[in-house]
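First to last, the sequence lines map onto chains D and S. 156 is the number that the UniProt record's numbering gives the last residue of the first sequence; the numbers go up by one with no jumps. 395 is the number that the UniProt record's numbering gives the last residue of the second sequence; the numbers go up by one with no jumps.
Simulated from the structure, these hints should not be mistaken for laboratory data. Keep in mind it's a predicted model, so treat the numbers as computed, not measured. Don't be surprised by glycine CBs; every beta carbon is placed ideally from N, CA and C. All the pointers check out, no bait thrown in.
Here are some of the chain D residues that sit facing chain S, going by a computed Cβ distance under 8 Å:
#: 1; residue: Leu31
#: 2; residue: Ala75
#: 3; residue: Tyr82
#: 4; residue: Glu92
#: 5; residue: Glu109
#: 6; residue: Glu115
#: 7; residue: Phe124
Derived, one-sided and incomplete: chain S residues facing chain D with beta-carbon distance under 8 Å:
#: 8; residue: Tyr66
#: 9; residue: Val68
#: 10; residue: Trp70
#: 11; residue: Lys74
#: 12; residue: Phe102
#: 13; residue: Pro105
#: 14; residue: Glu170
#: 15; residue: Lys173
#: 16; residue: Ile175
#: 17; residue: Asn184
#: 18; residue: Asp199
#: 19; residue: Asn271
#: 20; residue: Asp285
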Amino acid sequence: MSKPGPKPRRDVNSRRVLDEAARRRRARRALEALEQDNFHDDPHGDLVMSKKAPKFSDKLEVRGGGRKKKQKHSAEYYKLKYRKTFNQLVEEAQLSHPDPPNYLSAQAEPSNLPERHFCAVCGFPSNYTCIQCGTRYCCVRCLGTHQDTRCLKWTA
Amino acid sequence: MIDKAYILDNGGFTAKVGMSSAKPRVIPNSVMKAKSERRRPFIADQVEECRDASGLFYILPFQKGYLVNWDIQKTIWDHIFGKDCCPVNFNETPLIVTEPYFNFPSIQEAMTEIFFEEYECQSLLRINAGDLSNYHYTSNNPGTLACMVVDVGYSFSHVTPYIKGKKRREGIKRIDVGGKALTNHLKDIISYRQLHVMDETYVINQVKEDSCFVSLDFMADMEVARKRGNDNTIVRDYVLPDFTSIRRGFLRTLEETSKSTDGEQTLRMNNERFAVPEILFQPSDLGVQQMGVAEAIVSSINSCPKETQPHLYSNIVVTGGCSLFPNFQKRLLQDVRKLAPDEFNVRVTLPENPLTYAWEGGALLSKHPEFYSFVVTKEEYEEEGLHICYERFDV
Ligand SMILES: Nc1ncnc2c1ncn2[C@@H]1O[C@H](COP(=O)(O)OP(=O)(O)OP(=O)(O)O)[C@@H](O)[C@H]1O
Ligand SMILES: [Mg+2]
Ligand SMILES: [Zn+2]
Ligand SMILES: [Zn+2]
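Please take these sequences and the hints and turn them into a complete structure.
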């Protein structure tokens with residue numbers, strides 16, 4: 001797939017139109033972004049961790065030491081022992097407790113209220129949909145901004 | 001009866017923590033790293049020592065409301081339980097700790113292990129924060145037969161019916177929107193419309209808390225926000241912190257909005273002020289295909305036995321940080337009133353401190369004459385293992 005050209009406001013007919021699958025991917029990515037903790041890199045990411053070297057050894061010490069009770073575990077021990085992703089936890093729980101009520105069954109059902117649409121640019125109620133990508137806009141001015149910025153730039 | 005207990009309402013964003021005999025502290029449940037301070041991370045309340053909080057990087061123990069990063073959580077707990085924060089001796093003080101609804105078995109197992117083996121608790125009660133809120137509510141309103149606990153927190157929101165003190169698990173509804181999604185959404189729209197703030201979760205979270213409110217008439221407020229000049233009574237400038245002379249940003253008054261700024265960096269807050277919290281009432285505004293809080297309450301009550309429904313409608317209590325948005329309670333009442341059958345009386349209580357309401361419920365519960373029968377002791381755990389915890393704790 002070709003990347004959208006940098007030139008704004010090309011003839012409408014020459015614009016690529018995002019297909020259904022790509023629109024869904026875009027929507028899903030927007031939802032995932034709501035869960036994200038950070039959008040930038042760890043500012044200390046380039047630092048080399050110095051004093052916390054013996055990560056596995058505290059665990060070994062615990063196992064081999066015999067006096068299990070008094071030994072305190074390191075943070076790393078718990079990380080290793082209970083390393084499970086959120087999705088693994090959900091799957092595991094579904095297997096052990098498949099019958100509702102459970103985490104999955106508890107999610108609120110779809111709303112009965114009519115869906116509302118807002119202009120992606122200014123946030124006011126919108127009546128129009130961008131032909132290329134399906135984003136909502138409210139007026140010619142906002143459409144222009146949208147086409148110059150986000151329209152197809154987030155390649156799907 | 002016990003003397004005192006240590007209560008930890010361990011949320012995805014904040015830990016509400018302290019001895020039942022004192023006031024709780026609200027502490028960030030995270031480790032943060034600053035661009036300006038490269039020698040160390042800030043653990044929990046240490047962030048107060050951070051002079052320049054721009055570009056703060058968050059490391060959170062929770063994901064989607066559940067505890068998954070145990071090394072981070074242990075680092076934070078070690079600090080919280082230590083002498084510089086909220087010291088405790090679990091050898092002599094029982095612990096009440098909260099967990100989310102439908103907490104996963106392997107997290108429950110880890111909680112049990114870490115508190116009995118690592119922190120050497122003598123007695124432990126693991127419980128849902130909502131159970132504590134329900135206990136708080138029924139203690140304040142003796143004779144209440146049912147209670148609808150609404151928790152609008154960080155990772156998600158829940159509505160949970162309690163009938164005669166017992167949680168009705170089939171009625172629990174989770175909405176996957178809470179304060180985190182609201183802040184992330186606000187970051188996104190400000191970055192698109194005005195100024196790149198994607199790296200400024202800490203600051204924009206404060207912008208959200210300082211400037212947003214819940215609309216009582218959404219479409220009418222949209223029309224007001226469209227107006228220019230004096231007719232727009234919603235628009236405000238938010239003065240951003242610069243971390244030299246302004247440590248925390250603030251919302252200008254209507255009169256001062258649009259004043260020229262000497263060196264102050266501002267954000268223009270207009271329909272963002274109410275469109276952001278609106279998502280709690282209509283998640284589909286953001287593409288989340290779930291009911292909002294009011295609808296979920298009605299749907300949950302509808303799933304409960306007929307005879308309990310009037311009691312649930314008249315005993316709705318809201319907790320969690322997002323209920324602090326101005327007008328949250330009014331709007332919730334208004335929307336539930338509209339959806340509920342006419343013959344029912346609808347009442348929504350906003351506690352004095354919705355953030356610590358569950359914690360305070362824990363403090364009350366620790367004074368229950370039979371409190372000792374709710375906990376699992378270290379001896380019991382050592383004799384019977386995890387099994388006794390599953391039997392006694394209903395999380
Ligand atoms: N005054 C306020 N106005 C609006 N929102 C607020 C206010 N104070 C706190 N919040 C928001 O409330 C959320 C935290 O609420 P709370 O402490 O109840 O959540 P938590 O218990 O940590 O999370 P959870 O229960 O979801 O795991 C944050 O998103 C925070 O921005
Ligand atoms: Mg909470
Ligand atoms: Zn627009
Ligand atoms: Zn478009």
